[in-house]
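J.: With chain U fixed as given, assemble chain W onto it according to the hints.
Residue numbers (our numbering), protein chains in the order written: chain U, 10 to 197; chain W, 10 to 197.
Just to be clear, a hint being listed does not mean it is correct.
A pair holds if it fits inside one copy or across any two, identical chains being indistinguishable in the list.
[As the list claims (entries may be wrong)] With a Cα cut of at most 25 angstroms, we get these calculated SDA-like pairs of lysine to any residue:
| hint | residue 1 | residue 2 |
| --- | --- | --- |
| 1 | Lys70 | Ala43 |
| 2 | Lys83 | Gly59 |
| 3 | Lys83 | Pro99 |
| 4 | Lys79 | Ile18 |
| 5 | Lys96 | Gly173 |
| 6 | Lys33 | Glu75 |
Worth flagging that the hints you see were computed from the coordinates, not collected in a lab.
2 protein chains.
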Amino acid sequence: MKEDTNKTIWNEPTISTEHIFTGKVISLQVDTIALPDGGTTTREIIKHPGAAAVVAIHDEKLIVVEQYRKPLGKTQIEIPAGKLDPKEEPIVAAARELEEETGYIAHNLQLLHQYYTSPGFADEILYTYFTNEVTIGQQNLDDDEDVIVKLITIEEADAYIASGDISDAKTLLAVTAWKLLQRTGSLT
Amino acid sequence: MKEDTNKTIWNEPTISTEHIFTGKVISLQVDTIALPDGGTTTREIIKHPGAAAVVAIHDEKLIVVEQYRKPLGKTQIEIPAGKLDPKEEPIVAAARELEEETGYIAHNLQLLHQYYTSPGFADEILYTYFTNEVTIGQQNLDDDEDVIVKLITIEEADAYIASGDISDAKTLLAVTAWKLLQRTGSLT
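Looking at chain U on its own, in the form it has when it is part of the complex (with noise of 0.2 angstroms):
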């Protein structure tokens, strides 16, 4: 197989966007693009204001909640995340987002990625934020959010991932830096 080296990429320049539906977390949107060939198809698009995530050590153990995804229909086990507000910055809701779901203050949050959970038709980005420094502060739940909290070790993580409790992208890939770090000292 030779890599193709002197080629482009078709843009999908826009037709026209329908706008079928704005919720309270998301929008869609069905754009018509045009294609190469003189023809034409529809791109579905979902459209998400960007969440936050952190991955939080505390004690050697990773700060997750139990909570319902009703996308699911079950309970999983996730790291502390939650959309952005209106302007907020990603530093900003991933340290409210902890001390909201868990009750834990962090410190000293760094960026460890930030990724797009699903390109093929959603803008969502997820920041992704690393501490090993927390003190203890005060849960706040939302009205509509009910949690757990747990501290984990990497083999209970890996436990409840084989259980599928553990089960979605950001918490797999905290879970996947977490093990890098213990064991080679870079979480990248």
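T.: Chain W only, in chain U's frame:
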């Protein structure tokens, strides 16, 4: 901070479901759910058929594709992936997508991870397979697909992460797992 050990999580019973949109890739519904205090709220839910991806290593390089992502308005470098066809086994989809997008044929695919990309609003699950045994077949893109195939080293992957050219969850997780493999001998 004490851990909560005697608590159970509220399972958000559905009161009603409003179907908003059914598209080629995703559908959207809004569920009204009961809250513990007797009130109600809504959950916006994207249904997705699921997808499969491949971490394919050839000559100690990762096989990736550069493609335009309309929701992001830019090109991205990602591991090969695509959504499951109706009733298709994820491992079959993974092998099919690798060959269609890159022309490489995977041998001895092993399930590396299965995870939800964005469990707060979507049920999309992504099955990710690993192989370091590939042979050369025939690229066969969908009519509306346009990609550039690349083989990259870990150092090149890190440079693409730093520049933002690699910035999706599945590819970051693939690169992080590949680093674990190279540095510790284990993918997980």
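J.: Each hint needs a verdict: does it hold in this structure or not?
T.: Here is what the structure says about each hint:
no.	hint	result
1	Lys70 - Ala43	neither (50 angstroms within a copy, 34 angstroms between copies)
2	Lys83 - Gly59	both (23 angstroms within a copy, 17 angstroms between copies)
3	Lys83 - Pro99	between (28 angstroms within a copy, 22 angstroms between copies)
4	Lys79 - Ile18	between (38 angstroms within a copy, 12 angstroms between copies)
5	Lys96 - Gly173	between (35 angstroms within a copy, 22 angstroms between copies)
6	Lys33 - Glu75	within (23 angstroms within a copy, 33 angstroms between copies)
In the structure shown, a violation is registered for the earlier hint numbered 1 alone.
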